[in-house]
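Participant: Here are the chains, one letter per residue:
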Amino acid sequence: MNPALVFPDVSLAPLLPILITLLGAIAATLLGFYLPRRAVTLVSMVALVLSGISMASLWNRGLSAFSGSLQADNVALSLGLIILIGSLMTLLVSFDSAVRAHLSFPEFDALLLYAVTGTLIIAFSGDLVTMLIGLEVMSLSGYVIATLQGSRRSEEAGMKYFLLGAVGSAILIYGIALVYGATGTLSYVGIRDATSGLQVQNVGLLVVGALMLLCGFGFKVALAPFHQWTPDLYGGAPTTVGLFLSTVVKVAAFAGMLRVFGGAMQNVPAWASVLQVLIAATLVIGNLAALFQTNFKRLMAYSAVAHTGFLALALLGNPATGGPALTYYLLVYTLMTAAAFAVLGALQRSEEGFSIDDMRGLFYRHPAYAVALAVCLGSLAGLPPFAGFMGKYLAFQAAFQAGYVGLTVIAAMGSVAALIYYLRPAMLMFMPDRTPAREFPGERTPTTAAIALGVVGVTVLGVLPNVAYGLVANPAIWTILAGR
Amino acid sequence: MIHFFIFLPVLASLLIFLVPVRWREEFAGAAAGLTLAGGLWSWSVGGLSAYRIDWIPALGVTYSVQMDGVSLLLGIVTAFMTLIAVIYAGKRIPNPGTMLSLILMMETGLLGIYAARDLVLFYVFFEDALIPALLMLAIYGKTHRMAALIKFAAYTLFGSLLMLISIIALKYYGGSPTFALSDLQANPVTGPVQTWLFLGFLAAMAVKLPLFPLHAWLPDFHAQNHDSGVADVMGTLYKVGAYGLFRFSVVLFPDAMLELRPILMGLAAFTALYAAWIAFSQSDWKRLLAYAGLSHMGLVGLGIFSLNETAMIGGLFLLAFQNVYTGALFLAAGMLQERVGSLSTKVGGVMTQAGVLSGMTMTLWFASIAVPGLAGFIGEFSILLGAYQISPWLAFLAGLSTIAAAAYALTAYQTTYWQVRPAGAVLVHDLRDLDWLILGAPLAVAIFFGVYSGPALALVQPVVRAWMSGLGGGL
Chain A
1 MNPALVFPDV SLAPLLPILI TLLGAIAATL LGFYLPRRAV TLVSMVALVL SGISMASLWN
61 RGLSAFSGSL QADNVALSLG LIILIGSLMT LLVSFDSAVR AHLSFPEFDA LLLYAVTGTL
121 IIAFSGDLVT MLIGLEVMSL SGYVIATLQG SRRSEEAGMK YFLLGAVGSA ILIYGIALVY
181 GATGTLSYVG IRDATSGLQV QNVGLLVVGA LMLLCGFGFK VALAPFHQWT PDLYGGAPTT
241 VGLFLSTVVK VAAFAGMLRV FGGAMQNVPA WASVLQVLIA ATLVIGNLAA LFQTNFKRLM
301 AYSAVAHTGF LALALLGNPA TGGPALTYYL LVYTLMTAAA FAVLGALQRS EEGFSIDDMR
361 GLFYRHPAYA VALAVCLGSL AGLPPFAGFM GKYLAFQAAF QAGYVGLTVI AAMGSVAALI
421 YYLRPAMLMF MPDRTPAREF PGERTPTTAA IALGVVGVTV LGVLPNVAYG LVANPAIWTI
481 LAGR
Chain B
1001 MIHFFIFLPV LASLLIFLVP VRWREEFAGA AAGLTLAGGL WSWSVGGLSA YRIDWIPALG
1061 VTYSVQMDGV SLLLGIVTAF MTLIAVIYAG KRIPNPGTML SLILMMETGL LGIYAARDLV
1121 LFYVFFEDAL IPALLMLAIY GKTHRMAALI KFAAYTLFGS LLMLISIIAL KYYGGSPTFA
1181 LSDLQANPVT GPVQTWLFLG FLAAMAVKLP LFPLHAWLPD FHAQNHDSGV ADVMGTLYKV
1241 GAYGLFRFSV VLFPDAMLEL RPILMGLAAF TALYAAWIAF SQSDWKRLLA YAGLSHMGLV
1301 GLGIFSLNET AMIGGLFLLA FQNVYTGALF LAAGMLQERV GSLSTKVGGV MTQAGVLSGM
1361 TMTLWFASIA VPGLAGFIGE FSILLGAYQI SPWLAFLAGL STIAAAAYAL TAYQTTYWQV
1421 RPAGAVLVHD LRDLDWLILG APLAVAIFFG VYSGPALALV QPVVRAWMSG LGGGL
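Chains as they are written, first to last, in the working numbering: chain A, 1 to 484; chain B, 1001 to 1475.
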């Protein structure tokens, strides 16, 4: 008797956000032959907006496809929306700076959208293989984007990113294999079920697998000591690319970590204590190194490393408190980091960025940009009423309630260092200065729009955190992180 | 009404940039005046009752505010000194729009600190007052402001973040549903955990108070700020540590405060004496005033830490009126600088040409060194009286600081205002039009409440009683 033909569980609705982005990427690839770059960018932005609308329509429906390999639950959707916001801001900034950065060809948009597709796949993933596919799509596009400029600096940056990223991927894949060996399944639900009572055939294998996964993710989110590529990459790559990599890619990697460690491997021993050590190292190294930067772009790079530490605090928490904390923080982080990079993109004369001393008196030359940047830096430093404060507060709370008191205190000390390095440029801008301006004198409308989005976002979310936090605060959506 | 009182200044500080440049001073003055009127009106109706609404329900953060006697007294003093600062800034600083906006923004932060009855809300206002203070220093400060600024911010945030962790822990260990003070009081934390949380809280308050050894930011902050003294007035108002200790620590960490009382009182007394000693060797009026303020804050701390009713009332009284006369003295130092171009205490002979300025300055200094009949005396006397009942020796030690105060104040005053005017020195003009009001009004307040302290004490006393009643009998 012939075995019955089993069709895969394909349902289009939960795939829609990813498919729209993918179609956008394909359209950008093809249209690039016929249309100027600006038109292609507009098409890409429309695709992102449509994808966002389709996500909103999926809210609260809890759909899945491919027998659960792809989850469109509220977790995925909220993370996906954050990714789209970051990507939209990237495209807005690229309108202005692409020409100067020698990036003004349609391939940039196409690759960017492929990367976004990958990041969405990670956020929507329901098993380790889907996650890995998303991660590789994202990383490969990322390597290319980083080197697209064709300057020596950017090539060096991309090369470092590629080599270390490839090592990270390799370790990650090995970890996946070990986890599969220990549990006999790749799906998050399966792993969770297999590890819930820890009746696994080989706990040692599982633990080693989990730690290798952690290590692999550590490369992607830039946890110390796997962070070394970050400053060179963000500092060497064009500003637009730095913006994209430090926000969207990081959000996606954290989405993956949240799924894997918050959901599937929540009960696996050892990873949390190792992560604790890594976070402590990240907080110390990231914050201290940032203190000594003279180039604003490198400062932002180390700030991204330091923020990895704060973000990862939320991962240590119980998913019901850590999940919403991480999501809210990622949203805020995306808005403030992207806006800060956008101001940098609007003002710098060359892709090398500008030195912190050059910011002296900026307030008197570009009052609006200076205030916007000050708001972003204040928010990054965690000063209320800006949303960065709430984000930090939530992350501290999540880690504290999970019993990581010492780590929370280290994080608080890290914040003091952070305040100093954010404060210096922020305050220099307001100091009167008579020397001639060293930055680009004009206005750049699309970039300004991106900055406005970020600044309004961090202010509104800071005063009324419930607008975003209320959406994800329901603990029920976090208990099914692994899918069911 | 209470929201109007708190948020009117910040609203005005944002709107000020829409007002035409030449009307900005009048606009800021009107806003500050209205706020003060709101405070006085609240006083006339006996304080503003509690208002509470959920702010972030998912986290248990509420927007709870109230203006009872202590809050009201400090709030009115803040509004009063803000008005004075606004008037002087409008007169002294060219194109003062930004400065006025920052002053008003800071006023909201300070009023919010006094009104907040939710710990997270308190934290938010606590930090919000910091931002305008930093900007004032950055925009209007002197050459070495960056170092002063970073020192100030680092000290402040170091304490605040430890406090934030304490706040989180307080709700978590106590099991309170929200961060509102009333809920936290109903779900107390006890035992050694309380002590640890208190230490976190103390870190923030001791920086703001400031208490030795966390005071190092203060002299630089004042010395590097703008000469006019306007920013210093706001800095004086920003010493809210004692208030925070009174409002939150006494009811949330009573056992820990009692346990650490000898150490804390000792530190406070030492701060008072040590600062007075250093003030003696200062040759810059602003640094001298900064150390004088620090010495007074040591006394305020002594009053709060002694957990004695009289001393605590005295501490809060001194905290409120110290703002008035020290603030006015900073402005007087600004006027001196305006006239002779220096803040040095060795100018000499100002009295001969600017008699009224010198006279008013001297009377304000009398208030500061606790001459009876002026507001400073009531506060310092009550503190020492109360502290004596707890620890006579520490009260004696702290009492020495009042003698030291007379020494440093009169020495510096003598070399600046008396003595002989150096030959060929610039001609110094005396007070003009609004200067009279700027120094006269605080002086009038200091004299009025020094002679007739009843109304102010009546505001403070019931609240302190109610707060202390939670501590049990043995005090």
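Hints were generated in silico from the structure; no laboratory data involved.
Fair warning: there could be bad hints in the mix.
[As the list claims (entries may be wrong)] So, partial list: chain A residues that the calculated Cβ filter (under 7 Å) puts toward chain B: (1) A4; (2) V6; (3) V10; (4) Q266; (5) F430.
[What the hints assert, rightly or not] Quick partial rundown of chain B residues pointing at chain A, CB under 10 Å, derived from the structure: (6) Y1123; (7) F1125; (8) I1139.
Where is the CB? At the ideal position from N, CA and C, for every residue including glycine.
Participant: Give a verdict on every hint.
Facilitator: Evaluation of the provided hints:
Because the smallest distance between the Cβ of A4/A and any Cβ of chain B comes to about 48 Å, over 7 Å, the interface hint for this residue is violated. The closest approach between the C-beta of V6/A and any C-beta of chain B is roughly 43 Å, which is over the 7 Å cut-off, so the hint fails. The interface hint given for V10/A is violated, since its Cβ lies 36 Å from the closest Cβ of chain B, which is over the 7 Å cut-off. The restraint placing Q266/A at the interface with chain B is violated, with a minimum CB-CB distance near 21 Å, outside the 7 Å limit.
Among the interface hints, the one on F430/A holds; its C-beta lies about 4 Å from the nearest C-beta in chain B, closer than the 7 Å criterion. A cut of 10 Å between beta carbons decides the hint on Y1123/B: the least distance to chain A is about 7 Å, and the hint holds. Satisfaction of the interface hint for F1125/B is found here, the shortest Cβ-Cβ separation to chain A being roughly 8 Å, below the 10 Å cut-off. A least Cβ separation of about 5 Å between I1139/B and chain A falls short of the 10 Å threshold, and the interface hint therefore holds.
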